[in-house]
Amino acid sequence: MRKIPHRVNTSAAAESLDTDAAAGEAALVRRAQAGDRRAFGDLHTRYAGMVHSIALAHVAADDVNDIVQEVFLRALQKIRVLRDPRAFGGWLATITRNVSRSALRASSRLTQGEAEVATAETQRHSEDARRALAAIRALPKAYRETLLMRLVQGMTGPEIADRTGRTPASVRVNLHRGMKLLKQQMHAISPRSTR
Amino acid sequence: MSERMTDDYLWDRSGEPDETLRHLESVLGEYRHTGTAGPPDQAAQHDDLLSEDSGR
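If you read the sequences in order, they're chains A and B. Each residue of the first sequence is one higher than the one before, counting from 1 in our numbering. Each residue of the second sequence is one higher than the one before, counting from 1 in our numbering.
Note that these hints are calculated values from the structure, not bench results. Everything numeric in this text was worked out from a predicted model, so none of it was measured. Each residue gets a CB set at the ideal place from its N, CA and C atoms; glycine is no exception. Any given hint might turn out to be false.
[Claimed, not checked] On the chain A side, residues computed to face chain B include the following (Cβ under 8 Å):
no., residue
1, 48
2, 52
3, 56
4, 61
5, 76
6, 125
7, 132
8, 134
9, 156
10, 157
11, 176
12, 179
13, 183
14, 186
[Claimed, not checked] To list a few chain A residues with every Cβ distance to chain B over 10 Å, as calculated:
no., residue
15, 20
16, 26
17, 28
18, 105
19, 181
Between the sequences and the hints, there should be enough to build the whole structure, so can you do that?
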């Protein structure tokens, strides 16, 4: 009788799970492309946090929910033209950056009265939160979105890599370097906040 | 608190956060997406396709 091995190759097992997850997600995207409403809803649930974080890196906090809605509306309208279902996360991130830039251009055309309303709305958040968000937005571009996904949405590094399509190594480096710079920046603003 | 433990926490929450990281998570949580709005209506899928953001 053939012996069953006692030790499992955990690295191979993890790789197999990753492959299964990627195949499952590609299948979900294909179903959404075929008009499956529930599949698109699942994609929305899975990616809303990523979209929200990317938008928050670019536009005022009070505009982010509108941006998220607009991004998923465009994705729904155009998902059929996405050729590689495995590229869904990166494709959605690009749409988010485009929609955010358009919104920024539009907000730069606000009248003074409209701008005052927008500024007043941002006072809903605590001073500490606004200061931390401003410090992240002042970081080099490569770190902003990754840190917001981690610190605002609570996504782990592997989840960020999975959603964005970036390698885990690149996400890990961005988190590490971004956090180091953020701590230096927060310390420069308020030494008490980085004990 | 070792730097390694904080790095692990930053990566996958498996270690212990330092005070700054804990503070940042706490205050920035105010901005978290709550998911109250669902996906857009499927009827939009039948709208004309826009030309930008073309498929990869």
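Does the nearest C-beta of chain B fall within a distance shorter than 8 Å of the C-beta of residue 157 of chain A?
Constraint on residue 157 of chain A satisfied, holds at 4 Å.
Hinted contact residue 186 of chain A with chain B - closest CB pair below 8 Å
Hint on residue 186 of chain A: holds, closest Cβ of chain B at ~7 Å, below 8 Å.
Is the interface hint for residue 132 of chain A satisfied, with its Cβ closer than 8 Å to some Cβ of chain B?
5 Å, holds
Would the hint on residue 125 of chain A stand, with a C-beta cut-off of 8 Å toward chain B?
5 Å, holds
Once the shortest beta carbon distance from residue 76 of chain A to chain B is found, is it less than 8 Å?
5 Å, holds
Hold the hint about residue 52 of chain A up to the distance rule: shortest CB distance to chain B must be less than 8 Å.
4 Å, holds
Far enough from chain B: is every CB of that chain over 10 Å from the CB of residue 181 of chain A?
At roughly 12 Å from the nearest Cβ of chain B, residue 181 of chain A sits farther out than 10 Å, so the non-interface label holds.
Please confirm whether residue 105 of chain A is truly not at the interface, meaning its C-beta sits more than 10 Å away from all C-beta atoms of chain B.
About 14 Å separates residue 105 of chain A from the closest Cβ of chain B, which puts it past 10 Å; holds.
So residue 26 of chain A supposedly isn't at the interface. Is its beta-carbon more than 10 Å from every beta-carbon in chain B?
Check passes; 13 Å lies beyond 10 Å.
Just to be careful: measuring from the Cβ of residue 179 of chain A to every Cβ in chain B, is the smallest value less than 8 Å?
Constraint on residue 179 of chain A satisfied, holds at 6 Å.
Take a quick look at residue 28 of chain A and tell me if its Cβ sits farther than 10 Å from every Cβ on chain B, holds or violated.
13 Å, holds
Do the numbers back the hint for residue 156 of chain A, that is, is its least Cβ distance to chain B under 8 Å?
5 Å, holds
In this structure, the one hint that does not hold is number 8.
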